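Chains A and B supply the protein sequences, listed in that same order. For the record, in the first sequence the residue sitting at position 310 is 416 according to our numbering, with numbers rising by one throughout. For the record, in the second sequence the residue sitting at position 304 is 410 according to our numbering, with numbers rising by one throughout.
Treat the hints with care, as some may be off.
Where chains are identical, the list cannot tell them apart; a pair therefore holds if satisfied intra-copy or between any two copies.
Said to hold, decoys possible - Quick list of in silico lysine-lysine cross-link-like pairs, DSBU-like style, CA-CA up to 35 angstroms:
(1) Lys163 / Lys517
(2) Lys364 / Lys325
(3) Lys170 / Lys254
(4) Lys517 / Lys364
(5) Lys517 / Lys584
(6) Lys170 / Lys584
(7) Lys340 / Lys553
It is worth saying that the hints were derived from the structure and are not from the lab. Predicted model, so just to flag it, every value in this text is computed and none were measured.
Number of protein chains: 2
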Amino acid sequence: MTANTVERIRHQGLRNKIMSAEQAAELIQDGMTLGIAGFTGAGYPKALPTAIAERAKAAHSAGKPFKINMITGASTAPDCDGVLAAADAVAFRAPFQSDPGIRNSINAGNIHYQDMHLSHVEQQIRNGFYGDIHVAIIEAAGITEEGKIIPAMGIGHNNEVLKAADKVIIEVNAKQNEKLESMHDVYFDVGTPPHRPAIPLLEPDGRIGSPYLECDLNKIAAIVLTDSFDRNSKFADPDENSKRIAAQIIDFFDHEVKAGRLPANLLPLQSGVGNVANAVLAGLLDAPFDNLTGYTEVLQDGMLDLIIAGKMKSASATALSFSPDALQRFNDNIDFLRDKIILRPMEITNNPELIRRLGVIGMNAMIEADIYGNVNSTHVMGTKMMNGIGGSGDFTRNAFFSFFVSPSVAKDGAISCIVPMVSHHDHTEHDVMFIVTEQGMADLRGKSPRQRARLIINNCAHPDYRDMLNDYYDRAEKAAAGLHTPHILSEALSWHQRFVETGDMRIK
Amino acid sequence: MTANTVERIRHQGLRNKIMSAEQAAELIQDGMTLGIAGFTGAGYPKALPTAIAERAKAAHSAGKPFKINMITGASTAPDCDGVLAAADAVAFRAPFQSDPGIRNSINAGNIHYQDMHLSHVEQQIRNGFYGDIHVAIIEAAGITEEGKIIPAMGIGHNNEVLKAADKVIIEVNAKQNEKLESMHDVYFDVGTPPHRPAIPLLEPDGRIGSPYLECDLNKIAAIVLTDSFDRNSKFADPDENSKRIAAQIIDFFDHEVKAGRLPANLLPLQSGVGNVANAVLAGLLDAPFDNLTGYTEVLQDGMLDLIIAGKMKSASATALSFSPDALQRFNDNIDFLRDKIILRPMEITNNPELIRRLGVIGMNAMIEADIYGNVNSTHVMGTKMMNGIGGSGDFTRNAFFSFFVSPSVAKDGAISCIVPMVSHHDHTEHDVMFIVTEQGMADLRGKSPRQRARLIINNCAHPDYRDMLNDYYDRAEKAAAGLHTPHILSEALSWHQRFVETGDMRIK
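Chain A extracted, bound-state conformation:
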């Protein structure tokens, strides 16, 4: 592959920067803060993380400290987060992860993790909230004659770390389709407050920037050639529960369109990561809506298939995260798809200005909701980090409609996703409009906490937990000091505690 991959670096001078991952990793020192590309298993560096992990292991063997701080776009993969965690090479991690190795280290207290809204990360890097960014490590599909960078399957925070970092390492990956060139839209003019322009994006498929990333060529310290696929995780086929959740949301859309409160092609759709969210999109394949648009963070199989089927006319995202089958369909259809998919920096895909302006419909998975409409997206039993909030807050808070979806129970019924009080709050009662489980949907708009409680219990909770929830609520209404949000404080988190102790939220 090497000769062919070298040709992807059209800028002659930059070819002199080609070196091995091991050589490039020599640039990385203990205590450095790295801006590492990667978004939902797409566009992350494939070679440097392993080389850095080897350096860490060697240092540790010699009794020396070696840990980095890493700020990514979002989640990466076993050959990035995984190898670094296994080498105990990470001190601090932000803003989103999903790798089991990293997760375990976070929950064991070995890694400090800041779980952060993705729309804020670039601004906070730019303004020094994370301190200096010593090295940026990004993946590219190629480099132009002028030294401009052709991004790979995702952009994430690359635009910002290329600017902020003292040095830059670029991996050019032969496995990335060369026809990705021109699918990206990198907007540079974010400005400095208080004097900033309006972001001139007025339609979900608008293009307002450049197809290329850029950086000072003198900062490029190394180019490494790779030939590895992205993570490409397989999706589960939608199960009965997911289909029931999807059907309810689609019915609601149909009802709103017929009532004249929603355009016939709906509003731009955002869909979170995961099987249930993917099922909603799969459901739209057979729904009576055409000319759909997507304005989302990660474009996965569901949205790809809507575009290929001619149901969705365009989709905007910061990364493409496909199963192996969908990747094949993407590559097979890339000439058709090139003007219909727009990949942007995550500061733009997740920007509150744009989500609010476009009136995005946000649909995100949750771990649990409580009877008053608060949602936990991140913590298992209040203390263990799962993945992170990602962009769910960016979209939920600014969405025209905000949906949270989950099966009503998990672990064979031992966990209810509807609880008296969520064990961690990521989305507050002020933001959550619809909760949907396979049992039903609760429309919380314009309702007080007490009005929401009965609706959520009766519509969304699993029958096994409905009496327990009604019993809690009835007693809370009698016992609470205030009846705006009736709670029994000594019992509000007892379901989680019971699960920790007995493995079941139900009283045996």
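Here the structure of chain A is known, so what remains is to put chain B in place on it, guided by the hints.
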């Protein structure tokens, strides 16, 4: 006053609509949803609420039901919220209140209250999330020859309820300064998603709309003449604690300016309602910053005095809420102030697009924060509503810097404002950048939950509670199933429960 007040209605035809409050109140029926003006005790109707309350009392005496649903801009006053609550005339209330009568009815379970972000209210009214708006009742300083409405001391949601309501009642108040004309900037072109323009406001003091509110003149069913002051609550003079909180924030600003990370005139300032927030602004009178700007929700005494003193060049808000003394200063200086104060719809003052673009510094009071940086702004001991989230979420989430301030203890030390887990979550760990008490400041940016915990305990908690908090945290680190956010679930809310039972969070 009547002859003089009649002249404020320059449109001859509309003078025929003048009637008494009692006559106008005949338009209001049981079950109606009313859009009632009012924002932090400014610009609310002075006569209609009492007349509606009398109708309710008469109906109730006759054994008939009479309750309304009321959606205001924010809080009103005893002669609006107060009289309606006393008459048991309110079924549903949104989005913010602070009147003791309404609050008690909410906490007794008699009124359903939806505590809602102010930036979302107009959009949600416009799109029918609250159902039909039957009557809008607003206050005006006058009506022009063309029938355009000169707003009073606030705009709030008036622009939207004038459009949405079937009928409109206008109170023209002789006590409002006629020179208010031209201080307002009503932006109409919010559009319908997905095809919406960018909001063209690029500077905090820009003007992008009309000085007048408008509505279909045929919908104006009644005009009522009044002659009453706004609520005009007095502020407490800044106490020692407030001054210490203010000094730390100002020191931080100074440090950031010297480090080149903040402009010499800072960034547009938002300040929440209340004595501590007002103290921060008072502190800026003597701070080394000039040409300050304000981009806030309610302009109170502190910001007014900064403008009069020549320290602040302009301020944007949706309402003016002054103490009686400050009102006098405002009226005395109104010719100087007219082009420096811009009053906008609350959809614009609180808009995520604009707060993010301008890089607003958000400073808001809190009830309590927890050791991981979550903030409760609304609930006393988890169940009782205090006032509401107001615009604190709108600003915090989109701010360049977000501060939360409070004295470290309340009720003579019986309540700690730093607790193991907040009893209600309004602002999550993802959004809160700085916590400041008279004890010190915690800078939470770029930190994991465990890094935040020690900082908040050691810097912000009152010495009487520091050992208790460190003890909780130490034990949580040993006992928790996950160490990302260590908690002892059975104990996390026990401080609140202890206070409910014993009147003191401390163990006796």
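So, going through the hints one by one against the coordinates:
{"no.": "1", "hint": "Lys163 / Lys517", "result": "neither (37 angstroms within a copy, 55 angstroms between copies)"}
{"no.": "2", "hint": "Lys364 / Lys325", "result": "between (56 angstroms within a copy, 28 angstroms between copies)"}
{"no.": "3", "hint": "Lys170 / Lys254", "result": "neither (38 angstroms within a copy, 75 angstroms between copies)"}
{"no.": "4", "hint": "Lys517 / Lys364", "result": "neither (39 angstroms within a copy, 55 angstroms between copies)"}
{"no.": "5", "hint": "Lys517 / Lys584", "result": "both (32 angstroms within a copy, 26 angstroms between copies)"}
{"no.": "6", "hint": "Lys170 / Lys584", "result": "between (61 angstroms within a copy, 28 angstroms between copies)"}
{"no.": "7", "hint": "Lys340 / Lys553", "result": "between (39 angstroms within a copy, 33 angstroms between copies)"}
Violated hints, in rising order: 1, 3 and 4; the structure is consistent with all others.
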